[in-house]
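Chemist: Residues per chain are reported as follows:
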Amino acid sequence: MGLVRKKVRIAEIPSGSLADIAFLLLIFFMVATTIDMDKGIGIVLPSAQDSEIEMSKKNITSILIDPRGTVLMDEKEVSIKDIKAKVEALQLQNPKMVFSVKAHPLTKYRTYIEVLDQLKQAKTRVISIAE
Amino acid sequence: MKASIPTASLPDIVFMLIFFFMVSSVLRSHEGLQILMPKAKQIEKLESNVHVAYIWISKEGLISIDGRLYQPQSVRSVMYEKRTVDPQLIVSIRADELVNMDLIGQIHKELRLADALAVNYSTRAI
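If you're matching them up, the sequences are chains A and B in order. Be aware that the first sequence starts at 3, since it is given in this note's numbering, and climbs by one per residue. Be aware that the second sequence starts at -12, since it is given in this note's numbering, and climbs by one per residue.
Calculated directly from the structure, the hints in this document are not laboratory data. Please note: incorrect hints may appear among the correct ones.
Stated by the list, open to error - Quick list of simulated restraints, FRET-style, between CB atoms:
{"hint": "1", "chain 1": "A", "residue 1": "P107", "chain 2": "B", "residue 2": "M3", "range": "54 to 64 angstroms"}
{"hint": "2", "chain 1": "B", "residue 1": "S64", "chain 2": "A", "residue 2": "G71", "range": "29 to 39 angstroms"}
{"hint": "3", "chain 1": "A", "residue 1": "A91", "chain 2": "B", "residue 2": "M3", "range": "24 to 34 angstroms"}
{"hint": "4", "chain 1": "B", "residue 1": "A112", "chain 2": "A", "residue 2": "P97", "range": "24 to 34 angstroms"}
{"hint": "5", "chain 1": "A", "residue 1": "S49", "chain 2": "B", "residue 2": "L4", "range": "44 to 54 angstroms"}
{"hint": "6", "chain 1": "A", "residue 1": "I55", "chain 2": "B", "residue 2": "L4", "range": "24 to 34 angstroms"}
{"hint": "7", "chain 1": "A", "residue 1": "M32", "chain 2": "B", "residue 2": "N36", "range": "16 to 26 angstroms"}
{"hint": "8", "chain 1": "B", "residue 1": "M3", "chain 2": "A", "residue 2": "V10", "range": "48 to 58 angstroms"}
{"hint": "9", "chain 1": "B", "residue 1": "L85", "chain 2": "A", "residue 2": "K83", "range": "53 to 63 angstroms"}
{"hint": "10", "chain 1": "A", "residue 1": "N96", "chain 2": "B", "residue 2": "L4", "range": "28 to 38 angstroms"}
{"hint": "11", "chain 1": "A", "residue 1": "I29", "chain 2": "B", "residue 2": "S(-9)", "range": "49 to 59 angstroms"}
{"hint": "12", "chain 1": "A", "residue 1": "A13", "chain 2": "B", "residue 2": "G19", "range": "52 to 62 angstroms"}
{"hint": "13", "chain 1": "A", "residue 1": "K59", "chain 2": "B", "residue 2": "M9", "range": "51 to 61 angstroms"}
Said to hold, decoys possible - Below are the DSS-like pairs computed for lysine-lysine, each with C-alpha atoms no more than 27 angstroms apart in a straight line:
{"hint": "14", "chain 1": "A", "residue 1": "K41", "chain 2": "B", "residue 2": "K(-11)"}
{"hint": "15", "chain 1": "B", "residue 1": "K46", "chain 2": "A", "residue 2": "K83"}
{"hint": "16", "chain 1": "A", "residue 1": "K78", "chain 2": "A", "residue 2": "K41"}
{"hint": "17", "chain 1": "A", "residue 1": "K86", "chain 2": "B", "residue 2": "K28"}
{"hint": "18", "chain 1": "A", "residue 1": "K59", "chain 2": "A", "residue 2": "K41"}
These numbers were taken from a predicted model, which means no experiment stands behind them. Using N, Cα and C, we set each Cβ at its ideal position, and we do this for glycine too.
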């Protein structure tokens, strides 16, 4: 007599495409995570204990900014765009040149950053922030 | 005989990578003030995200550090503490472009007194 043999059915979730799904997730996370790096203009402030350093006047170029955004470089008015070229020329003449930036209390921060940006573009090494 | 690379453990490897990315990526929401940073061309990236302290300055003259408001003269003690914990500290000043320079000057003075001398003015790229 034929006993009917029960067929054992193995149910399986197909796992062949699991890797694809995981890769998709991986790529999503790689794209979605932004490595948020802060960008800006870096300077080093003088230490509070620093005594004043004597410097020859000819090695200093003073840059003054007034509240209206006018920039005076060695007492001559310059437009902000021209600072870079002037600073580059001065540095060629005198590589020891130090640029001292001084802003009026009512000057806007934006103008100050524009001036610093120009100095940085001219690859100035020593920027002094006067107060 | 068919030669094949076993791919059964591939999902495991990929999941491990996913977990690595999920854990290592920090979803940091900046807590600060609403500001519009000035623009600059010659900008440099901060080398690390770890040794940075942010000072937010809004155009109304509010100063915020780590989500708390401070008076200009108390910046010194806050930054001094941070500086003691982390000597490599860089202070990132996130100020609105319309802030007056007298406030920035005061912050400079406070930072100098706190001996936190490495400063970065946060800017937008043009």
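Chemist: The structure should be examined with respect to each hint, and the outcome stated for every one.
Modeler: Hints and how they fare:
1. P107/A with M3/B: 54 to 64 angstroms: 57 angstroms, holds
2. S64/B with G71/A: 29 to 39 angstroms: 34 angstroms, holds
3. A91/A with M3/B: 24 to 34 angstroms: 58 angstroms, violated
4. A112/B with P97/A: 24 to 34 angstroms: 30 angstroms, holds
5. S49/A with L4/B: 44 to 54 angstroms: For L4/B against S49/A, whose Cβ atoms are near 46 angstroms apart, the range 44 to 54 angstroms holds.
6. I55/A with L4/B: 24 to 34 angstroms: Given range 24 to 34 angstroms: violated, Cβ gap about 54 angstroms.
7. M32/A with N36/B: 16 to 26 angstroms: Since M32/A and N36/B have Cβ atoms about 18 angstroms apart, the given range 16 to 26 angstroms holds.
8. M3/B with V10/A: 48 to 58 angstroms: Because 34 angstroms falls outside the window, the suggested range is violated.
9. L85/B with K83/A: 53 to 63 angstroms: 21 angstroms, violated
10. N96/A with L4/B: 28 to 38 angstroms: Given about 56 angstroms between the Cβ atoms, the range is violated.
11. I29/A with S(-9)/B: 49 to 59 angstroms: 25 angstroms, violated
12. A13/A with G19/B: 52 to 62 angstroms: Roughly 55 angstroms apart at Cβ, these two residues keep to the hinted range, so it holds.
13. K59/A with M9/B: 51 to 61 angstroms: Check passed, 60 angstroms falls within 51 to 61 angstroms.
14. K41/A with K(-11)/B: 55 angstroms, violated
15. K46/B with K83/A: 25 angstroms, holds
16. K78/A with K41/A: 32 angstroms, violated
17. K86/A with K28/B: Holds, at about 12 angstroms.
18. K59/A with K41/A: Violated - the C-alpha atoms of K41/A and K59/A are around 34 angstroms apart, more than 27 angstroms.
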